[in-house]
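S.K.: Could you put the whole structure together from the sequences, leaning on the hints where they help?
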Amino acid sequence: MIDFHTHPVMIKELVNSDADLDRSIHEVFGFHFPAQPLECFLLEMDEAGVETAVLLPLDCTTAHACRIVSNEQVTELVEKTPRFVGFCSVDPNQPDAPVEVERAVHHLGLRGLKLDPSLQCFDPASQECAYPLYQACAELDIPVLLHCGMSWAPSGLAELAQPLRLEKAIQAFPTVNFILAHFAWPWVQEATMLAVKYPNVFLDTAILYSGTPRDALTRVLARQVGLDTVECSLYNKIVFGTNYPRVDMRRFVRGLQGLGLSPTTEQAILSGNASRILKLTRQP
Amino acid sequence: MKSILHRVKIQTRHETELINITGHVLELVKASGIKNGTVFVLSLHTTTAITVNEGLPDLEKDIANLIGKLVPENAIYNHARYLPSDGQMAINAPSHLRGALLGFQVFFPLEDGKMVTGSRQTIYFVELDGPQYRTYVVQILGE
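Chains Z and E, in that order, are what the protein sequence lines are.
Okay, so the first sequence: first residue is 382 according to the working numbering, each after it adds one.
Okay, so the second sequence: first residue is 1487 according to the working numbering, each after it adds one.
By construction, these hints were calculated from the structure, which means they are not laboratory data.
Among the hints, erroneous ones may be present.
Claimed, not checked - Pairs of lysine-lysine, DSSO-like flavour, derived with a Cα cap of 27 angstroms: (1) E/Lys-1495 - Z/Lys-461; (2) Z/Lys-393 - E/Lys-1495; (3) Z/Lys-578 - Z/Lys-549.
Unchecked claim - Pairwise CB distance ranges (calculated): (4) E/Lys-1600 - Z/Asp-596: 28 to 34 angstroms; (5) Z/Pro-463 - E/Thr-1524: 47 to 53 angstroms; (6) E/Arg-1567 - Z/Pro-415: 44 to 50 angstroms; (7) E/Gln-1607 - Z/Pro-415: 46 to 52 angstroms; (8) E/His-1500 - Z/Ala-553: 44 to 50 angstroms; (9) Z/Phe-414 - E/Asn-1560: 29 to 35 angstroms; (10) E/Val-1623 - Z/Gln-516: 54 to 60 angstroms; (11) E/Arg-1499 - Z/Asn-617: 32 to 38 angstroms; (12) Z/Gly-639 - E/Asn-1564: 36 to 42 angstroms; (13) E/His-1565 - Z/Glu-420: 26 to 32 angstroms; (14) E/Ala-1561 - Z/Lys-461: 49 to 55 angstroms.
Model, not experiment: these values are computed from the prediction.
Note that the Cβ used here is the ideal one computed from N, Cα and C, for glycine as well.
M.R.: Have a look at this one:
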């Protein structure tokens, strides 16, 4: 299994060595659970049956004067274990952002771009600040994962994360794989439309706004989208993501496995689709 | 009267796990030098437990299975929502309720430098929402 949506914000080794990171995790990201040793992250993956986790940092330099885990820190973690795949983040409001993406890929070995319009305070449809980043993704042949829908971060504005804002960019950059996080809840139907229509749009399952993972996944995937639609039209467009540590992986895996999907679709969601997007040679 | 308090860190490795801590508690009691009094063992977490039972692997499995049946994962719980004070989804009601059933502390008398226990009694730290880095407390109180 591959968890395509994790935040390395609860790792004691990082937090204890970086007071600014500790502050930004609390004040900007709105995460307050005590940090745990890195070993806990890996044991959580073991217990959930997750082989590989994608680590997502966030560069909020302009919006909040901080980085919620830097690209260099992600690389540090990736170097500790082959079970991590690192994404980079850059500040779209900085003019050198596309160069930073290139540096992160070529020099830090990171394999995708994470953007969060809500928390980074930028318009993902902007030709001035967002398009150059999509262009960099096209040239570097890496995917971009965008936060979509509601943000749990205290200052995160959902209006910047409406999935339809992305449609023109999705058309303009057909070779870039866009992963829309959280199924863009509450704009599930709009996100589903984009994923059904465009070959370069994918959705992650990190949907959780109330109830247990089983409740939320059933409500959204089975009732709102429909398992028939998932099986027929989205089987190759959904990647498994938990939003760990805002949600525990173990219960999320069980919630997904309890949906009653066909074995082929379940396998595709839990690892096959992510493996293809990330160009992983080994199959987790 | 003396009071010696130890905060013991423990890395749990599984979602539900009974960890025998008897040997470590006995070592702390011995090192304390206190001969007569009381030994308290308590967990600092609400999704763990401290319990005593016979130290057999089959009973450990039975206890884990029983609490899983008594508090099933997929029942309807109110504790299933976003918790702003943690910045996390609070979706571990079964872990809390299993902890409430087993209890969070045990104590034993201390007599002539020895902890008074039944010959088969084993002290367990019980993880109910692991893996996590946990703390339990051993307080030796006496003279």
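S.K.: Hint by hint, note whether the structure agrees.
M.R.: Verification of the hints:
1. E/Lys-1495 - Z/Lys-461: holds, 24 angstroms
2. Z/Lys-393 - E/Lys-1495: Holds, because 14 angstroms separates the two Cα atoms, which is no more than 27 angstroms.
3. Z/Lys-578 - Z/Lys-549: holds, 13 angstroms
4. E/Lys-1600 - Z/Asp-596: 28 to 34 angstroms: With a Cβ separation near 51 angstroms, E/Lys-1600 and Z/Asp-596 fall outside 28 to 34 angstroms, so the hint is violated.
5. Z/Pro-463 - E/Thr-1524: 47 to 53 angstroms: For Z/Pro-463 and E/Thr-1524 the Cβ distance comes to about 50 angstroms; the hint holds.
6. E/Arg-1567 - Z/Pro-415: 44 to 50 angstroms: violated, 20 angstroms
7. E/Gln-1607 - Z/Pro-415: 46 to 52 angstroms: violated, 32 angstroms
8. E/His-1500 - Z/Ala-553: 44 to 50 angstroms: For E/His-1500 and Z/Ala-553 the Cβ distance comes to about 48 angstroms; the hint holds.
9. Z/Phe-414 - E/Asn-1560: 29 to 35 angstroms: violated, 24 angstroms
10. E/Val-1623 - Z/Gln-516: 54 to 60 angstroms: holds, 57 angstroms
11. E/Arg-1499 - Z/Asn-617: 32 to 38 angstroms: At roughly 35 angstroms between Cβ atoms, Z/Asn-617 and E/Arg-1499 fall inside 32 to 38 angstroms, so the hint holds.
12. Z/Gly-639 - E/Asn-1564: 36 to 42 angstroms: violated, 21 angstroms
13. E/His-1565 - Z/Glu-420: 26 to 32 angstroms: holds, 27 angstroms
14. E/Ala-1561 - Z/Lys-461: 49 to 55 angstroms: The hinted range 49 to 55 angstroms is violated for E/Ala-1561 and Z/Lys-461, with Cβ atoms some 39 angstroms apart.
Violated hints for the displayed structure, listed by number in ascending order: 4, 6, 7, 9, 12 and 14.
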